[in-house]
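As they're listed, the protein sequences go chains R and H. In terms of the working numbering, the first sequence opens at residue 135 and continues consecutively. In terms of the working numbering, the second sequence opens at residue 135 and continues consecutively.
Don't read these hints as lab results, they were simulated from the structure. What you were told as hints is all true, and nothing was included just to trick you.
On the chain R side, residues computed to face chain H include the following (Cβ under 10 Å): (1) Met190; (2) Ile235; (3) Asp457; (4) Gln502; (5) Met512; (6) Ala513; (7) Glu521; (8) Lys536; (9) Gly537.
Pairs of lysine to any residue, SDA-like flavour, derived with a Cα cap of 25 Å: (10) H/Lys828 to H/Gly717; (11) R/Lys602 to H/Glu229; (12) R/Lys602 to H/Asp234; (13) H/Lys563 to R/Asp450; (14) H/Lys563 to R/Val451; (15) H/Lys490 to R/Glu515; (16) R/Lys563 to H/Arg233; (17) R/Lys490 to H/Lys455; (18) R/Lys490 to H/Arg459; (19) R/Lys455 to H/Arg616; (20) H/Lys490 to R/Ser454; (21) R/Lys563 to H/Pro452; (22) H/Lys563 to R/Arg233; (23) R/Lys490 to H/Asp450; (24) R/Lys563 to H/Ser454; (25) H/Lys455 to R/Arg616; (26) H/Lys490 to R/Val451; (27) R/Lys455 to H/Pro486; (28) R/Lys563 to H/Asp450; (29) H/Lys490 to R/Asp463; (30) R/Lys828 to R/Asp802; (31) H/Lys487 to R/Ser454; (32) H/Lys633 to R/Glu229; (33) H/Lys490 to R/Cys458; (34) R/Lys563 to H/Gly231; (35) H/Lys455 to R/Val614; (36) R/Lys602 to H/Trp230; (37) R/Lys563 to H/Trp230; (38) H/Lys490 to R/Asp450; (39) H/Lys487 to R/Cys458; (40) R/Lys563 to H/Asp234.
Predicted, not measured: the structure shown is a model, and the values here were computed from it. Positions of the beta carbon are idealized from the N, C-alpha and C atoms, including for glycine.
Number of protein chains: 2
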Amino acid sequence: MNMQKARERARALVGQMTVEEKISQLLYNSPAIERLGIREYNWWNEASHGVARSGMATVFPHAIALASTFDPDLIGTVGDAVSTEARAKYNKSVEWGDRDIYKGLTYWTPNINIFRDPRWGRGQETFGEDPFLTAQMGMRYVRGLQGTGEFLKASACSKHFAVHSGPEPLRHTFDAVVSAHDLWETYLPAFEWTVKAGVSGVMGAYNRLYGYPCCAMPLIKDVLRGKWGFDGYFVSDCGAINDIWANHHFTETIEGAAAAALKAGCQLNCGDAFRHLVEAYEQDLITEEEITDAAVQLYSIRVLLGEFEEHRPWADVPLSKLDCREHRDLNLKAAREAMVLLKNDGFLPLDPKTAKTIAVIGPNAMNQVALEGNYNGMASEYVTPVEGMRRVFPNAEIRAAKGSNIWREKQCDWGGFANMRSEGVAYAKEADLTVLVLGLDCTIEGEENGTRNEYFNDGDKVTLKLPKTQIDLAEEICDVCRDVVVILMAGSAIDLGEKITSKAHAIIDAWYPGAQGGLAVAELLAGVYSPSGRLPVTFYRADDELPAFTDYAMEGRTYRYLRTEPLWPFGYGLSYTAFAYSGESLDAECDSAYRVSVRVKNTGDRAGQEKVQIYAQYTDSRTPTPNFQLCGLAAADLDAGEEKTVTLDIPKYWVSAVLEDGTRCAPDGSVVLWIGGHQPDERSAALTGTGCRKLVIR
Amino acid sequence: MNMQKARERARALVGQMTVEEKISQLLYNSPAIERLGIREYNWWNEASHGVARSGMATVFPHAIALASTFDPDLIGTVGDAVSTEARAKYNKSVEWGDRDIYKGLTYWTPNINIFRDPRWGRGQETFGEDPFLTAQMGMRYVRGLQGTGEFLKASACSKHFAVHSGPEPLRHTFDAVVSAHDLWETYLPAFEWTVKAGVSGVMGAYNRLYGYPCCAMPLIKDVLRGKWGFDGYFVSDCGAINDIWANHHFTETIEGAAAAALKAGCQLNCGDAFRHLVEAYEQDLITEEEITDAAVQLYSIRVLLGEFEEHRPWADVPLSKLDCREHRDLNLKAAREAMVLLKNDGFLPLDPKTAKTIAVIGPNAMNQVALEGNYNGMASEYVTPVEGMRRVFPNAEIRAAKGSNIWREKQCDWGGFANMRSEGVAYAKEADLTVLVLGLDCTIEGEENGTRNEYFNDGDKVTLKLPKTQIDLAEEICDVCRDVVVILMAGSAIDLGEKITSKAHAIIDAWYPGAQGGLAVAELLAGVYSPSGRLPVTFYRADDELPAFTDYAMEGRTYRYLRTEPLWPFGYGLSYTAFAYSGESLDAECDSAYRVSVRVKNTGDRAGQEKVQIYAQYTDSRTPTPNFQLCGLAAADLDAGEEKTVTLDIPKYWVSAVLEDGTRCAPDGSVVLWIGGHQPDERSAALTGTGCRKLVIR
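From just these sequences and the hints, can you work out the full model?
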């Protein structure tokens, strides 16, 4: 079954429908057409990091944490596990006749928007700030979800096309202004590469781009379908077609908005604006052929998912796959790889045998919500940092306290919870070691959520600073405790402040690490494994380093355009062991790629995983040159003393210059590849104590 | 330090204050008076089942569950543990200068209102429907909290004086109408006995009684202080003094309301109406002496708590007492004793060694909130039923699913969680055994909370029935599974319906069982211990058996006045072993009590705990005779085959007749004591298969 065959079957099905029936099928909650034996189908489903919002599932680390593994192979395996659970659920839903929302096989995942500004609340759903990393992770996750067989194991959907990354409060009215250079160099590549990977859906964003609402813009037909040859379905973000007239005022009527979206190439409406395609058709705003084409496209996907097969593919995947032991082990592996050790003065790893009293303090010490992130499922077992510490340090006395809320000084005066700082500090003072578990959770960092205060604006952060209640707790603990380790759980870069950063022996960014996250945290402290996570975003030094949040220009943003020294650079993360690189060489070159190899040796005294990173640096007279661009990635497991050769194909796409008009072409000057465990900048070299190898290509 | 000495010191302190300063001290958030070296003090604290709302603490089973232990000794031990944690917290709060809300030693606990109607949302905070049980548990909890030494270990407060049990939506406007007979027989005794036990505070209710707002009624001076000799402080419920004028329209102004409360004997205001005592004083509505007396009363309590001692009592109780191992063990013991085995067809106990796949399904299977109840603290470890099953059945495959929300069919269509029923049913169908964990939690059953729908009205239940989403899940599971066991977690009697009740092999009422509750549930299933909990409330057959919720008459309510056969009677609960009674005798009689003894034998083949219950039945020509009245209680631990003599003093108070005018006196007819493991009614005898022993007193 390929797309062409699927389209033929779809055309035969759709050919029997009336215009009204066809229109009804362009809504996410498509009703049954009983006379044709067609069942209702709800297109809306989510699986950002595990099957979401539909009961039990393995809750993997959130997307930003999956990105921080810097391990595309792992993400592919996770995607495959997710779609196995998706099929297990689907089999049961079909058996029970449950065709409700979040019960279908069309997942509106991954979110491959570029996390260009650390204040965006939905950055946690993305793979970070870099086009290459996002494209790699997106492709592998898409392939994992969809499989590579005759049928789609599940349908993935790249979102939100084409330029979308906050601010949340403005998303229904905002017009993103972006240069052609930034558009083609930064915002579009991950879409292009996931299309290359065969993604079967693309979702249009809420906002406008160059004045056009994203679900009614020429880019859909010109670029997505035309230039890139996308042959899947295009869906509006939820309510986005209504926004076209109600908020963007791009059309005067709702039927006009529906018609504009359909004509632009949007085939499915999450929302109900497409009901008005009936009037649009009556008013000759659209043709029956346009309606038919959209329906055929959608039915092609349903055919490819096997809905209409007598012997449905993957029908034998049992319910016992949900959050099963095998997936939980994979989840723990992913959580381990996601942990980024940002600082370690040698204090870590701890010896679990000699640990005494350990206070685990902070709003995320026992917070299940912080394990989950947003767009999450429900696991059958959650291991918080406190629970993880109990398991991994059985000989220690583990004392837990919340110490503060995430941002509220008090929950409320009447009937709420009191200020808990004095208790947290007291616990810490009496312990031999304090593990501070700070950060945010999706009750405040997330998607358009209505909360507005000095720290949060509708899901976005107003500042990189941790809320004062946490800073006060942590600083007071730093005053009274000798030994402090900080665990940060958040979906974005956070500014801990100078005092905490300098006092803590070690700082670990755990992101929103999934249901097994607390175990991975504790195991990292105990040295059960050596950390290998790498930052998929830059940690800026302070708020005032940031351009305006509404500014979509890349200048001054992300490692590729940053002119100042960041606190912790993109690609950075410490290990308990050390790695040395040698023997870098260009092995081969073809039209599309360079084949590069390098020898990596674990020079430390314990096993560890290295994340080999290759950055391209070029000169080109015709374009603003970025600092450098990540263009190759590989994870290498190495025992103490072990050496391996790592060979990577670097697509020339990622070593190309993007001109001011957006054209991508070979650089007209020099090309150098930097190979190592981090960025080739001074800050990274200083932090890790190692440099990168330089491979001159031309 | 006794009350008289305390009052002298208080008088000396208050004597130095201006009128305005004295008035300021009558507010719950009393400000500092620096020139006198007096610190601010916030009177509001809670400890219904562990120190609440103030960070880490042992979260014991909720009050209704503590009552269902039918074990007054245990409740005394729990109270002592709670005040130990209270002192540990207080010591640190003082050290850190934290004198905020929920940081003082004046606990507004216990709630000894009679749970006369199962729909009341706050029934979970009470000790059930019976005056004797409530009085016993209240007295022992008060003594546990306060200690019996020179100083008060903590200050307890009986609430809400005098007649208060919903409906929640009417509490600020309602006038409770109750006969003198019911008032004195049912509503007042627990207050009288906790006063006898030395409770140092009493809180007035929101509603009116006989037309008087409870914080401004003559009953305070006439009965509480006059007849009973209460010498502690009287506090308004929070905002109740404002209600006097704003909602009850009992006075025309707020200063009038404040004056009315003060003059009636209310000395402390939770709220801020007492600020207007300044105007009331200026308008000569109150005298300085009245203000002084109130302030002296309050300072007496602060003196008795040791606030002004150079060497503060209990200053050496360390923070490590909070949720410590010893208290966690006690918590588990309390949770075990609280479990009421309502039905068992012989299926329980299970053999943990032979268990295979067990599905644990339902909205409370993994719901921490249902462990907590309301007015709760934060534990450092929560064991849900799923987690408990994993620990106790290590050889079984434990499969968990939520299966439904508590009452919502879906969380919401957009962005919420889908209907989970098909998944729950599928899990259950594939398991060898399904443990259904149903019930409510405090997000919907509780205090005035604004939620109104077909099941809940502002914290109260509209119906005894489980919400449809749970019934649908459970009934569908009953259809497809051979073996089902039901765990009910709620703060009140729930109607599971005929189908579920008859299908389930066993039904366990776990109430809101505290942080270790899930472990106690699993251990009960595995037969680690034999259940001994007893119902502190009647389980009616259906909604239509209930009088109107607003009707405070006892006729037709609770075991003492029920004319129909209940589903499960007050005092009822099954065991894994059996007990036989013999040799009952009246050993002695004095003016105030009968001394009764009985031999109890464990006739089964495993150790177990019996809850010996003694009920008084009398005839009296002058009064409506209740069915019978619980008047004696004891817990007896017995090994298989073991026999013990249990001796109890039965206060004649509980064997007395209450005349229509409320006078309590000796019955003019016969007096019989029934002794056994349950009520002496036919239903109880039929359910347990054993009768009670009859001891004719006269």
